[in-house]
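Enquirer: Protein chains in written order, with the working numbering: chain P, 1 to 184; chain L, 1 to 270.
Among the hints, a few may not be true.
Derived list of chain L stretches under chain P, where covered just means 3 residues or more per stretch with a C-beta under 8 angstroms from a C-beta of chain P [as the list claims (entries may be wrong)]:
{"no.": "1", "region": "19–32"}
{"no.": "2", "region": "79–87"}
{"no.": "3", "region": "171–179"}
{"no.": "4", "region": "196–205"}
No farther apart than 25 angstroms at their CA atoms in a straight line, the calculated lysine-lysine pairs in the BS3-like style are these [as the list claims (entries may be wrong)]:
{"no.": "5", "chain 1": "L", "residue 1": "K62", "chain 2": "P", "residue 2": "K126"}
{"no.": "6", "chain 1": "L", "residue 1": "K62", "chain 2": "P", "residue 2": "K31"}
{"no.": "7", "chain 1": "P", "residue 1": "K176", "chain 2": "P", "residue 2": "K122"}
{"no.": "8", "chain 1": "P", "residue 1": "K31", "chain 2": "L", "residue 2": "K12"}
{"no.": "9", "chain 1": "L", "residue 1": "K39", "chain 2": "P", "residue 2": "K176"}
{"no.": "10", "chain 1": "P", "residue 1": "K35", "chain 2": "L", "residue 2": "K62"}
{"no.": "11", "chain 1": "P", "residue 1": "K111", "chain 2": "P", "residue 2": "K23"}
{"no.": "12", "chain 1": "L", "residue 1": "K12", "chain 2": "L", "residue 2": "K2"}
{"no.": "13", "chain 1": "P", "residue 1": "K137", "chain 2": "P", "residue 2": "K35"}
{"no.": "14", "chain 1": "L", "residue 1": "K62", "chain 2": "P", "residue 2": "K167"}
{"no.": "15", "chain 1": "P", "residue 1": "K95", "chain 2": "P", "residue 2": "K122"}
{"no.": "16", "chain 1": "L", "residue 1": "K39", "chain 2": "P", "residue 2": "K175"}
{"no.": "17", "chain 1": "L", "residue 1": "K62", "chain 2": "P", "residue 2": "K30"}
{"no.": "18", "chain 1": "P", "residue 1": "K31", "chain 2": "P", "residue 2": "K122"}
{"no.": "19", "chain 1": "P", "residue 1": "K21", "chain 2": "L", "residue 2": "K82"}
{"no.": "20", "chain 1": "P", "residue 1": "K126", "chain 2": "P", "residue 2": "K175"}
{"no.": "21", "chain 1": "L", "residue 1": "K47", "chain 2": "P", "residue 2": "K176"}
{"no.": "22", "chain 1": "P", "residue 1": "K30", "chain 2": "L", "residue 2": "K82"}
{"no.": "23", "chain 1": "L", "residue 1": "K62", "chain 2": "L", "residue 2": "K47"}
{"no.": "24", "chain 1": "L", "residue 1": "K62", "chain 2": "P", "residue 2": "K122"}
{"no.": "25", "chain 1": "P", "residue 1": "K122", "chain 2": "P", "residue 2": "K94"}
{"no.": "26", "chain 1": "L", "residue 1": "K47", "chain 2": "P", "residue 2": "K137"}
{"no.": "27", "chain 1": "P", "residue 1": "K111", "chain 2": "L", "residue 2": "K47"}
{"no.": "28", "chain 1": "P", "residue 1": "K23", "chain 2": "P", "residue 2": "K35"}
{"no.": "29", "chain 1": "P", "residue 1": "K31", "chain 2": "P", "residue 2": "K21"}
Simulated from the structure, these hints should not be mistaken for lab results.
The C-beta atom is built at its ideal place from N, Cα and C for all residues, glycine as well.
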Amino acid sequence: MALTTLSDSELLVEFRNPVTKEKAFTSIIKKYQEKLYWHLRRMVVDHDDANDVLQNVMIRIWNGLENFREDSQLYTWLYRVATNECLTFLEQQKKRAAVSLSDVESGLENKIKADRDFDGNKLEWKLQLGIQQLPEKQRIVFQLRYYDEMPYEEMSRVLETSEGALKASYHHAVKKIEDYIRNH
Amino acid sequence: MKELADLGSDLKDHSPENIYSVPAGYFEGLADQILNRIKAWNATDAKDELSYLSPMLSNVSKEMPYAVPAGFFQDLGDDILKNISAHEDYLRKESFGREEIEVLSPLLSSLKNKNPYSTPAGYFEKLETGIVRQRADSPKESFATFGEKKQTKVISITKRRWYRLAVAAAVIGIIVIGGLLFNKPQVNPVDNPQAWIEKNVKKVNKDKIDEFVTLANDDSNEKADSQSEAVKKAEIKELMKDVPEKEIEAFLNDAIALESNTDTDGSMNE
C-alpha cells in the first residue's frame with residue numbers, strides 16, 4: 001500500500017519502523033507541506049524566511065515524532081511545532097533588528113508591499129496588510145481559524161489557550177481587519 | 001433646571017447638549033450586530049461563524065496572493081531529507097566539515113582551502129629554533145629538542161603481584177602486633193607482686209641475677225654468723241655466771257698451754 005494513502009496513525013507506525021522511516025517521513029511532508037508552509041508564510045511574509053522556518057520545523061518533526069504520544073491529532077502537533085518555531089523566528093528577527101515590536105511589524109508590512117505582485121487596490125492584498133496590523137498571537141488565531149478553519153478545541157491545544165479566549169480573540173480580529181479594509 | 005437654580009449653580013446656564021458623536025446608523029444596526037455575534041459565538045462551523053461575524057470577509061477569496069517558486073513543493077521533501085542528513089552528521093560529528101558544507105554550500109566548500117593570508121619568509125623554520133632557545137633559558141624546561149620530550153623509563157615497583165602481597169602482609173602484621181602489644185594487660189605489682197616480679201626478672205640478664213644471688217648469700221651468711229655468735233656469747237655468759245672468775249682464768253691458761261704443745265709436735269690428733 002502506498003504510504004500516501006495511509007492515515008496519520010498508520011504513518012506513525014511506519015515512521016517508527018527503521019526500514020520505512022524515511023518513506024513515512026516523506027509521506028508526512030507531502031501530506032502537510034503546503035498547509036504548514038502557508039501557515040508560516042502568512043506569518044513571516046517572505047518566501048525565503050518561510051522556507052528557512054519550514055526546514056527547521058521539519059527537522060524538529062523528524063527528531064520529535066518518535067516520541068509523539070498521540071494524545072492529540074498529528075496535524076495539531078505539527079501546527080504546534082510550526083507555530084512555536086515561527087514565533088521563535090520572529091523573536092530572533094526582533095532581536096536582530098534591535099527595534100521595538102511595532103517596527104518589526106511595519107517591516108513585515110513593507111515586505112508585503114515589496115512583493116512583486118502587490119496591488120494595493122486588490123482586496124486580498126488589503127486583507128494581508130490588515131492581518132499584519134494584528135498582534136502576533138491574534139494574527140495566528142485569525143489565520144488558523146480563517147484560512148485553516150481549525151476547530152477551537154484543536155486550536156487551544158496548538159496555542160495552549162482556552163477556547164473562549166481564542167474565540168474572543170478571533171472575533172475581535174475579524175472586526176479589526178474589516179475596519180482596516182473599509183478605511184484603506 | 002429648577003433644582004440647579006435652587007442650588008444656585010452656574011450649570012443652569014449651560015445647555016445640556018451631548019458633545020460626543022455616534023457613527024451614523026449605529027443604533028439602527030446594533031441589534032442585528034449583537035445577534036450575529038451571539039450566533040457566531042455559538043457556531044461550530046468556521047464558515048458559518050465568519051458569515052455572522054463579517055459577511056464582507058466571508059466573500060473575500062482565500063487564495064493567497066503570494067507567489068511560490070516553481071516546483072518548490074515537489075522538491076521540498078528531498079531537500080528536507082538532505083538537510084536532516086546533514087544535520088545528523090553535524091550532531092554525530094562525522095566528517096562534519098566536509099559533508100555538511102558540501103551540502104549546504106558548494107561555493108563555500110570550494111573556498112575552504114584557499115587561504116588569503118601570508119606569512120613572512122622562513123617564519124616556521126625560525127619559529128622552532130626560537131622556541132627551543134626560549135625553553136633552554138627557562139630552568140624548568142629540559143627538552144632536548146623542540147617538540148621532543150625524553151620519556152623517562154618508568155619501572156613500576158608495584159608491578160609484581162607477589163611484591164604487593166608481601167607488602168600488604170607486612171603491613172597487616174605490623175598492625176596486628178602493634179594492636180596486641182598495645183592491648184596487652186599490664187601486671188600490677190601491688191595486686192599481683194609475684195607475677196610482676198616474674199615478668200620483670202625475665203628482662204634481667206642471667207649473670208646479674210647470679211651476682212645478686214651470690215651477694216645476697218654472703219650478706220645472709222655474715223648476718224647468720226654474727227647472729228649465731230651473739231647467741232653463743234649470750235649462752236656462755238648464762239652458763240658461766242656461777243663460775244668464779246679465778247677458775248675461768250686457770251682454765252684459759254691451761255688451754256693456751258695445751259695449744260702450744262700441740263703445735264710443736266703437730267701430731268696430737270693424727
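Enquirer: Kindly indicate which numbered hints from before are broken by the structure, ordering the numbers from low to high.
Expert: Hints 1, 3, 4, 8, 11, 15, 18, 25, 27 contradicted; others consistent.
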